[in-house]
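*Asks:* Here's the letter readout for the chains.
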Amino acid sequence: MPLNLEIVTGEREVFKGDVDMINVPGGDGDMGILPKHAPVLSTLKPGVLRVRIGNDQQEFAIGGGFINILGDHVIILADSAERADEIDIARAEAARLRAEEMLRNPPENKEDLFRLEAALRKSEARLKAASRRSTRRTELPT
Amino acid sequence: MATAREIRRRIRSVRNIRQITRALEAVSASKVRRAQDAVQGTRPYASKARQLLADVAALAGGETRHPLLTRRDVVNSAYILLITSDRGLCGAFNTNVAREAFDFARDYGKPVSYVTIGRKGRDFLYRRGRKIVAEFANLPARPSLLDTTAATRTLIQDFLDGKCDEVYLAYTEFRSMVSQRPVIRRLLPLAAEELAGDLPKGGPRPAYEFEPGPAEILDGLLPRLTEMQVYVAVLESLASEHAARMVAMRNATDSASDLIFSLTLSYNKARQQGITNELLDIAGGTSALEQALKEAAAASRLRE
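Each protein sequence line maps, in turn, to chains V and G. In this text, residue positions in the first sequence follow our numbering: the first is 1, and each later residue adds one. In this text, residue positions in the second sequence follow our numbering: the first is 143, and each later residue adds one.
In short, the hints are calculated from the structure, not lab data. Keep in mind that a hint or two might mislead.
What the hints assert, rightly or not - Here are the simulated EDC-like cross-link-like pairs (lysine to aspartate or glutamate), alpha carbons at most 16 Å apart as the crow flies:
(1) G:Lys190 with V:Glu11
(2) V:Lys45 with G:Glu353
(3) V:Lys45 with G:Asp361
(4) V:Lys45 with G:Glu358
(5) V:Lys45 with V:Glu117
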């Protein structure tokens, strides 16, 4: 009995389908989800979301959000979500550098600081998700 | 009366204008469809987020007294977020929604300040000397959620800081290609009953585990629901803008066709007039010549 997973953002539905296992960056630490998981409502941190379907694995970079696990239905409400192969590495890298640069002079406002750190974590997550993809790609003849 | 040549020039220029308005109409038509798709795209998130809110509220019980959900006993002032377009050439689109907002502010009875999304609304308010707290303009053709969150954050912040006690949205609802309606809707405090209104009530709730806790989830969820409402309003307004522009451009194209028709009529008249005049000239010339010849002949006969 597989898990039914839906990943939605404010703009679109990113993923919908049956999967065997999900790994998410939960607000209180990473969570691995298999079928017959207990019902959970949790926040998510920006990070890499991994999904296993059979022998295949897919990565998504998500920018925080919520997860709702109920029975074999898993709903992820993400602030942003991109499939690894959609990520523009150059842009993600530029965003990470920008966030790092800005953190060098930390803003006074606590909330701004928090937001900046979130931006940094998010761009790092995107790079991480994308790099997994590119390492796999290098195995292919170019 | 204008000469045939002047009229011909006029026809040519009107025809060029018609070509442009016709192209703009086609462009707007395709943009309406895209904006409508974008509105549709927000539905899954919105409904799931509302479901989540209902679950959290039902389970957390008394812990749901969140400031974003709480109506204030004393309301001293309000903000209106006025959503308009950046560009014109869309008929009465911007005027309609701005007037709706003004009427609302007049009847509200308490001081009202404005936050604007879109250049037209901002200019409108400036000209009338209204108080603008913040303005956002130049949204991309396909705005993402992030493009609108800056405005929403300002609203949430000022609401929580007590700079205003209520926040209203003024935007144009998209009903169909030919019908768009300006509406005013309360954004903050969020109407919890309304948000969860269309969801099945009661029944046993699953025994959820919360991580970290219901209060934290609510803290994260409510601002996002607010952002979504603003985002949807912006997308609706965008679809309405393009539909309004399409209709305006179709009217312009029709007017240009009418104008070309009547100008062509005058042109033909002027051309005929010209030919008639020339014929008259020639006829007059010949008859004058004949007359002169006759007179000359008569005179020579007289001399003989």
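*Asks:* Evaluate each hint against the coordinates.
*Replies:* Results for each hint:
| no. | hint | result |
| --- | --- | --- |
| 1 | G:Lys190 with V:Glu11 | holds, 13 Å |
| 2 | V:Lys45 with G:Glu353 | holds, 12 Å |
| 3 | V:Lys45 with G:Asp361 | holds, 14 Å |
| 4 | V:Lys45 with G:Glu358 | holds, 13 Å |
| 5 | V:Lys45 with V:Glu117 | holds, 11 Å |
In this structure, none of the earlier numbered hints is contradicted; all agree with it.
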